[in-house]
Amino acid sequence: MSLRSPIGRALGLGAAKEGVSHWWSQRVTSVALLLLGLWFVSSLLRMPTFQYEFVVAWIAVPLNAVLLLLLAGTLVYHSHLGVQVVVEDYVHHHGLKIITMLLLTFAHVAVAALAIFAVLRIAFGGGA
Amino acid sequence: MGVSLESTSTRKRPLSPFLTVYRWQYTMALSILHRVTGCALSVGLLLFAYWLVAAASGPEAYATAHAFFAHPLLRVLLIGFSFAFFYHLLNGVRHMTWDTGHGLERKSARLSGWIVFLGAIVSTALFWLLIARHTGGAA
Chain L
5 MSLRSPIGRA LGLGAAKEGV SHWWSQRVTS VALLLLGLWF VSSLLRMPTF QYEFVVAWIA
65 VPLNAVLLLL LAGTLVYHSH LGVQVVVEDY VHHHGLKIIT MLLLTFAHVA VAALAIFAVL
125 RIAFGGGA
Chain G
228 MGVSLESTST RKRPLSPFLT VYRWQYTMAL SILHRVTGCA LSVGLLLFAY WLVAAASGPE
288 AYATAHAFFA HPLLRVLLIG FSFAFFYHLL NGVRHMTWDT GHGLERKSAR LSGWIVFLGA
348 IVSTALFWLL IARHTGGAA
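Residue numbers (the numbering used here), protein chains in the order written: chain L, 5 to 132; chain G, 228 to 366.
By construction, these hints were calculated from the structure, which means they are not laboratory data.
Where hints are given, some of them may not hold.
Per label pair, the in silico range of CB-to-CB distance [said to hold, decoys possible]:
1. G:P299 with L:V90: 23 to 33 Å
2. L:G129 with G:M255: 47 to 57 Å
3. G:W251 with L:G99: 31 to 41 Å
4. G:P241 with L:L74: 41 to 51 Å
5. G:G285 with L:L17: 44 to 54 Å
6. G:K334 with L:P66: 40 to 50 Å
7. L:L42 with G:R337: 18 to 28 Å
8. G:I306 with L:S6: 44 to 54 Å
9. G:R240 with L:F110: 30 to 40 Å
Chain L residues, not near chain G, derived (Cβ > 12 Å throughout) [unchecked claim]:
10. L7
11. P10
12. G12
13. A19
14. A20
15. G23
16. H98
17. G99
Each residue gets a CB set at the ideal place from its N, CA and C atoms; glycine is no exception.
The whole structure should be built from the sequences, with the hints applied where relevant.
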């Protein structure tokens with residue numbers, strides 16, 4: 005016997021009203037980061053040097069630039085999903101929880117904007 | 228009616244068991260380490276963004292970043308971040324395998340735990356060895 009109301013069962017979204025979307029987004033970004041992360045690590049290993057000219061030229065290669073944008077965006081998204089769970093688990097005061105999450109969201113969006121803008125600037129040749 | 232709200236809603240009831248009631252096992256440490264490395268990598272994201280922004284800001288800003296990353300303290304930190312990366316990645320695969328319903332038995336969960344932990348250490352060592360060889364140690 006289920007104790008859920010008929011409408012609750014039909015919507016299937018549970019008490020948090022968002023169903024498994026948070027959990028699922030975490031898995032989707034995990035799989036994406038597995039691929040993008042391995043690409044980034046192997047790219048670092050294939051770099052003969054980390055000097056300015058080489059690194060900028062490498063970022064400017066279209067495929068590298070797009071993969072870096074995807075990596076930065078997915079990392080930030082995944083990180084935000086992760087710290088949200090940590091804050092929900094350990095910050096018990098309701099107001100403090102909201103403020104902490106708000107600041108962390110701002111920080112994540114700012115980091116994403118910085119990283120994405122930096123890659124685009126190099127890719128479109130606006131830098132230096 | 229005959230039931231007072233007091234007795235049903237405010238009485239101290241047993242809560243679900245928390246960490247402190249369980250005997251310590253290393254799989255618990257590995258589980259917490261997944262969260263710790265995840266949080267560390269969230270901080271490491273700042274360094275990743277700094278590297279990109281420095282590269283986009285020109286040779287001088289990049290030289291500053293280059294010197295910053297070459298500092299011994301930062302090197303130690305970067306090695307730590309790389310371990311966190313490899314551990315979180317490998318253990319993430321372990322978690323997603325569990326999501327499919329496989330590998331949850333105690334024996335396989337412990338074995339995969341060891342594989343992930345040692346795999347992360349080996350990956351970290353191999354990564355820096357190869358980086359040092361490619362860049363002649365001057366990175």
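Going down the list of hints, with the structure as the test:
1. G:P299 with L:V90: 23 to 33 Å: 30 Å, holds
2. L:G129 with G:M255: 47 to 57 Å: 51 Å, holds
3. G:W251 with L:G99: 31 to 41 Å: 34 Å, holds
4. G:P241 with L:L74: 41 to 51 Å: The hinted range 41 to 51 Å holds for G:P241 and L:L74, with Cβ atoms some 47 Å apart.
5. G:G285 with L:L17: 44 to 54 Å: Holds - the Cβ-Cβ distance for G:G285 and L:L17, about 49 Å, lies within 44 to 54 Å.
6. G:K334 with L:P66: 40 to 50 Å: Cβ of G:K334 to Cβ of L:P66: about 48 Å, so the range 40 to 50 Å holds.
7. L:L42 with G:R337: 18 to 28 Å: 26 Å, holds
8. G:I306 with L:S6: 44 to 54 Å: Holds: the Cβ-Cβ distance is about 52 Å, inside 44 to 54 Å.
9. G:R240 with L:F110: 30 to 40 Å: 38 Å, holds
10. L7: Consistent with the label, L:L7 stays out of reach of chain G, its closest Cβ about 16 Å off (over 12 Å).
11. P10: 25 Å, holds
12. G12: Since the minimum Cβ distance to chain G is about 22 Å, L:G12 lies beyond 12 Å and the statement holds.
13. A19: Check passes; 15 Å lies beyond 12 Å.
14. A20: 18 Å, holds
15. G23: 16 Å, holds
16. H98: 18 Å, holds
17. G99: L:G99 clear of chain G: closest Cβ-Cβ about 22 Å, beyond 12 Å.
Checked against the numbered hints above, the structure violates none of them.
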